[in-house]
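> Please model the entire structure based on the sequences and the hints provided.
Number of protein chains: 2
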Amino acid sequence: MKATAQAHPNIALAKYWGKAPGPANAPAVPSLSVTLAGLTTVTSVELDRSLPADRLTINGRDEDATRVTSLLDRVRREAGETTRARIVTTNDFPTSAGLASSASGFAALAVAARAALGLPFDPTRASDLARRTSASSARSLFGGFVELDAGDGTDRDLPAREVAPAEHLDLRVVVAVTTEAPKDESSTSGMNTTSAHSPYYAAWLEHAPRLYEEVRRALLARDLDALGAAAEASALAMHASAIAAGVVYFRGATVDALAEVRRIRASGTSAYATIDAGPHVKTLVRAADAQAVAARLAAVPGVLRVLVAAPGPGASLVADR
Amino acid sequence: MKATAQAHPNIALAKYWGKAPGPANAPAVPSLSVTLAGLTTVTSVELDRSLPADRLTINGRDEDATRVTSLLDRVRREAGETTRARIVTTNDFPTSAGLASSASGFAALAVAARAALGLPFDPTRASDLARRTSASSARSLFGGFVELDAGDGTDRDLPAREVAPAEHLDLRVVVAVTTEAPKDESSTSGMNTTSAHSPYYAAWLEHAPRLYEEVRRALLARDLDALGAAAEASALAMHASAIAAGVVYFRGATVDALAEVRRIRASGTSAYATIDAGPHVKTLVRAADAQAVAARLAAVPGVLRVLVAAPGPGASLVADR
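First to last, the protein sequences are chains A and B. Residue 20 in the working numbering sits at position 20 of the first sequence, with consecutive numbering throughout. Take any residue in the second sequence, count from 1 to its spot, add 1000: that is its number in the working numbering.
For the record, the hints were derived by calculation from the structure and aren't laboratory data. A couple of the hints might just be wrong.
As the list claims (entries may be wrong) - Some, not all, of what chain B presents toward chain A, calculated at C-beta under 10 angstroms: (1) 1198; (2) 1200; (3) 1203; (4) 1211; (5) 1217; (6) 1232; (7) 1244; (8) 1256.
Stated by the list, open to error - Take a look, some chain B residues computed to stay more than 10 angstroms from chain A by CB distance: (9) 1046; (10) 1050; (11) 1061; (12) 1076; (13) 1156; (14) 1162; (15) 1179; (16) 1207; (17) 1241; (18) 1268; (19) 1294; (20) 1295; (21) 1305.
The structure presented is a predicted model; accordingly, all values stated were derived computationally and were not measured. We put the beta carbon where it would ideally sit given N, CA and C, even for glycine.
Printed below as a string of structure tokens:
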């Protein structure tokens, strides 16, 4: 009746932005991500017959449970159960701020919810389940390097899958945190505005799969420079599609940190930036360069702090305390 | 044998970005600008039979004269003259920093060069002449609100023309200067990279003429809000086409000033941002709001100073001193 799971955010190297047509909350383009160790969401789901509705607490604060209920309802249907649940989740990193807390959050929720309702641990089933509420969270079920196909307009299962394990590539992600505040515009809202109003959305849909193929090929070849160049191009193309619709996730420090990454690269260190739907800059570097790059990014005005994350594991059940 | 002209920068409300195919340095899309009073380039051209090559001085420093010579050669051909010239130009605002110093510079040069070589003052002829070296400079020959058509692939004359005089619209442009340094990448270089590598360049070529039509319609209707919305959309679409090719003219302060413009607008004051191929933010406001908006922008960290400019006159000959 109670289960707890943990999951880690993932950073898309080939970005997903925009939904496929149809009812299934599937991405319009394929994506490829790395799951990060070190940033952790822990979520417990406890069934409680006394509750009239699901109750959600994030980092000790009551929050709107609408999206959580949409996921739980699917699990309850599969388990033949109707009992409502108390969901308690904690992040050890900023929430709703472009650090993929919704990815780790829905991944952990999917695992915990299935276990609390008596269903077996099955990352692929949980990935499809999480994807139906938060598409990018489907990738956090798996560790290392993970891909998620584009939807085909049907309601078929669409889970993510591992492309390569965490140790496949000598990679660190240096996260330059530029604010601790939640972002002004959610990914869903920004995506909807982009797909409705960007003059470049059609071109993004056409171009993104090519960038995904470049990222995938470079990853399999363990070529950090080719991977980083394609990842930076993917991030810039995604943001450009949004900017052309008036959706700007960048802050000043975002642009200044991006410029610093490019200066680091110009000085001979392999360093490539990626930016999600938020203001932080994530820099892809070799492990041996991570500390030096972190120090340079920490010195950029507006960068509040810097985290260094390695490729990490997928979601898992943890013992209840 | 010596003539001096002055001209003012212009700020495109509907942006030009990218060249038409063909030899004539014509823009790929139509544009519409406002010429600004208050920022002035003064250029003198003096023929000197002792010179083996044209000599260019900008703000007291010797500079490469290649592009200046390309313009002068056309005038010399028309005038049946071969004598080289000493060109002295001064700007009372930052040079090559995204404040359209090349626009005012080549406009003033075209007027001064024609006069020094004995050709009559003719803004339309001078506009076509200037355009062949620096397309956006064609618009600075005229005052007020000025448009320049896209090229058609031929070498025909393509001068700008006035759409409405300076007093047509109650407008001020608040320029938030974010650096006094020259920009890292010239407009020409950024344009070439965009047209060669941006996945969105084709969509830009298709979309920009629609934004130009919106700007033109709003201008003729004296509708500052519609004009501003279309101008901001044009600027963001232009930058987005470049960003997707890895060309980033924004600095941190650019993005922070843009966000401040949007906050000003959200609080009820008509204020719309436009950004050229450089880091400064130009805000379109009513004259009565200019000082308040200037004060808010001056308070943005990274904004060094703020200029307020009204629509101004075209290029003209000035008496030699």
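> Any of the earlier hints contradicted here, and which numbers?
Violated hints (numbers, rising): 5, 16 and 17; every other hint is consistent with the structure.
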